[in-house]
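J.: Chain residues, written in single-letter form:
There are 2 protein chains.
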Amino acid sequence: MKRININGPRLYASIEELGAIGAYTDKQTGLVGVCRLALSDEDRQARDLVRSWMLELGLSVDIDTIGNIYARREGTSPELAPVLVGSHTDSVPTGGRFDGALGVLGALEIIRTLNEHKIETRRPIVVCDFTDEEGCRFGTDMLGSAVATGRLALDHACALTDKDGICVGDELRRIGYRGEMNVNSLRPHAYVECHVEQGPTLIREGFDIGIVTKVQAIAWYALSFTGRAAHAGATPTAYRADAGLAAARINVKLREMVESGIYGEMRATMGVIRPEPDMVNVIPGRVLATMDLRNPDDDAM
Amino acid sequence: MKRININGPRLYASIEELGAIGAYTDKQTGLVGVCRLALSDEDRQARDLVRSWMLELGLSVDIDTIGNIYARREGTSPELAPVLVGSHTDSVPTGGRFDGALGVLGALEIIRTLNEHKIETRRPIVVCDFTDEEGCRFGTDMLGSAVATGRLALDHACALTDKDGICVGDELRRIGYRGEMNVNSLRPHAYVECHVEQGPTLIREGFDIGIVTKVQAIAWYALSFTGRAAHAGATPTAYRADAGLAAARINVKLREMVESGIYGEMRATMGVIRPEPDMVNVIPGRVLATMDLRNPDDDAM
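Chains A and B, in that order, give the protein sequences.
Going by the numbering used here, the first sequence opens with residue 54, and the numbers climb by one from there.
Going by the numbering used here, the second sequence opens with residue 54, and the numbers climb by one from there.
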């Protein structure tokens, strides 16, 4: 079998070109990031660019009613279920160039490579760009794929609103990406997604690439600790109800539970900690905190 | 010896009248509080009212160059050092009616009672109202008494500025309370201050009054915990440097140290806890926290 390589510099150049849309410079690090919130003008520009590349490659492009973009390269057996390859091009408010983009543009680079080598595949290949993977704007992440797989109803998804009360359906129409294709019409044979790692494991362990073998269950909790705000000097320790200390104990306990091994590969994070009144000489009377739990094993979760 | 009682309702009425100056209603509790920041217009109104009461009682009123008010009732031995009685009438931005006011108005009630009973004292009694006890506006608390006792230089105190760059000296002149009396001219025989308790001990233990036997040493620390901000899902526990967890461990450890008894009557409070970036799915990379330590025993501190 012939060894085929993709064109790395070309792929990188396309990531750079897409990354210029919605680009901003991070003040702290000086690094360039991207802000392409779902269904914003920047999202439209990114979609237009990706779609133009899809069309250049001779793919037939369809857009479904939740705005997912599908670009099909026909197989020698068109009746077979296609292999779906892709990701998303929307971003969080302060995202990187690679998150999502690598999956979509990597898929296009595969198509380019196949085209250049005149390789036909038995199954069709469909490059996809899913709508609103991040969920930052309308509050529900993986929105486009959730609708496409039937986990969310289309009407429900289109009625979701952002903080200004603007709904998904209206924004899809405004940016010209409310398509005609039925959201449930694609039944892929397999789905492949290339994604930049968001953790430190690969670089720390010296690997170039990792394969996802498990998906983590995820649960978010908002924790409210209620104690009694009181004077830090005048209140004896025995009379205190320190909400900050209560939150601290839960944080420490969480790590102990994780390290106990009883909960498998549980990961626990208290990311938000907001004491009230948040003053040096007042015992916190209330704390709002969050707990992020992740576990690849549902039973251990 | 004849038993003499003060007139409680009259004292209470004067506290109410003073409390109306700078009064506001707390939105959460519906309770009425006071905002009389040092050397503000409200502070001037409060000083004017207190001074008018001093003059009505036949006291001779002097104001020193840092704005402390001294009202003297002569003794049968005028050459003796006076007994100083009083407190302050400025408040924190959201203060109560009693803090400080009870000490000044209680002293005036004592004078009223002595006058009514035609009682002469051997030593002069001086009722005092010290400038800027709270320190909220110009950053240094017990300002007037610190200057009067020589702990702070007058020039230094007068040059202190608030957040708008307005200095103590100018504000003293503006509100008409930069007096002529030398700040170091009063050498009291004793000082008595009646103050509302700011803790829960008296009511919990069923006492009407407590006598201060020790003053607590106090130390404030700003703690900065530096870890590594990272993705709550993608970062294995072993690779984490969670600044929030570090702060939590210190908070828990502080309480353990207090409860160990090794540090006497130490009180420890972590009042401010501010993680960055303060997001549900990001391990805190940095935490700013404060530590308030109090101890009546210097050696145990």
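Some hints could be false.
The list treats identical chains as interchangeable, and a pair is accepted whether it falls inside one copy or across any two copies.
Claimed, not checked - Here are the simulated lysine to any residue pairs, SDA-like style, with alpha carbons at most 25 Å apart:
#1 306 <-> 270
#2 216 <-> 332
#3 55 <-> 150
#4 306 <-> 331
#5 80 <-> 351
#6 306 <-> 287
#7 216 <-> 276
#8 80 <-> 341
Hints are computed from structural coordinates only; laboratory data are not their basis.
These figures come from a predicted structure and were not determined experimentally.
J.: Take the hints in turn and mark each one as holding or not.
T.: Against the structure, the hints come out as follows:
Proximity of residue 306 and residue 270 under a CA criterion of 25 Å is satisfied intra-copy only: 20 Å inside one chain copy versus 32 Å between copies. Taking identical chains as interchangeable, the C-alpha atoms of residue 216 and residue 332 lie at most 25 Å apart only when they sit on different chains, with a minimum of 18 Å there against 31 Å within one chain. In this homomeric assembly, residue 55 and residue 150 never come within 25 Å of each other (Cα to Cα): the closest approach is 32 Å inside a single copy and 87 Å across copies. In this homomeric assembly, residue 306 and residue 331 come within 25 Å of each other (Cα to Cα) both inside a single copy, at 23 Å, and across copies, at 20 Å.
Taking the shortest alpha-carbon separations for residue 80 and residue 351, neither the intra-copy value of 40 Å nor the inter-copy value of 45 Å comes in at or below 25 Å. When the C-alpha separation of residue 306 and residue 287 is checked against a cutoff of 25 Å, the pair qualifies only between copies, where the shortest distance is 21 Å, while the shortest distance within a copy is 29 Å. For the homomeric pair residue 216 and residue 276, the shortest alpha-carbon distance inside one copy (23 Å) is at most 25 Å, but the shortest distance between copies (35 Å) is not. For the homomeric pair residue 80 and residue 341, the shortest alpha-carbon distance between copies (20 Å) is at most 25 Å, but the shortest distance inside one copy (28 Å) is not.
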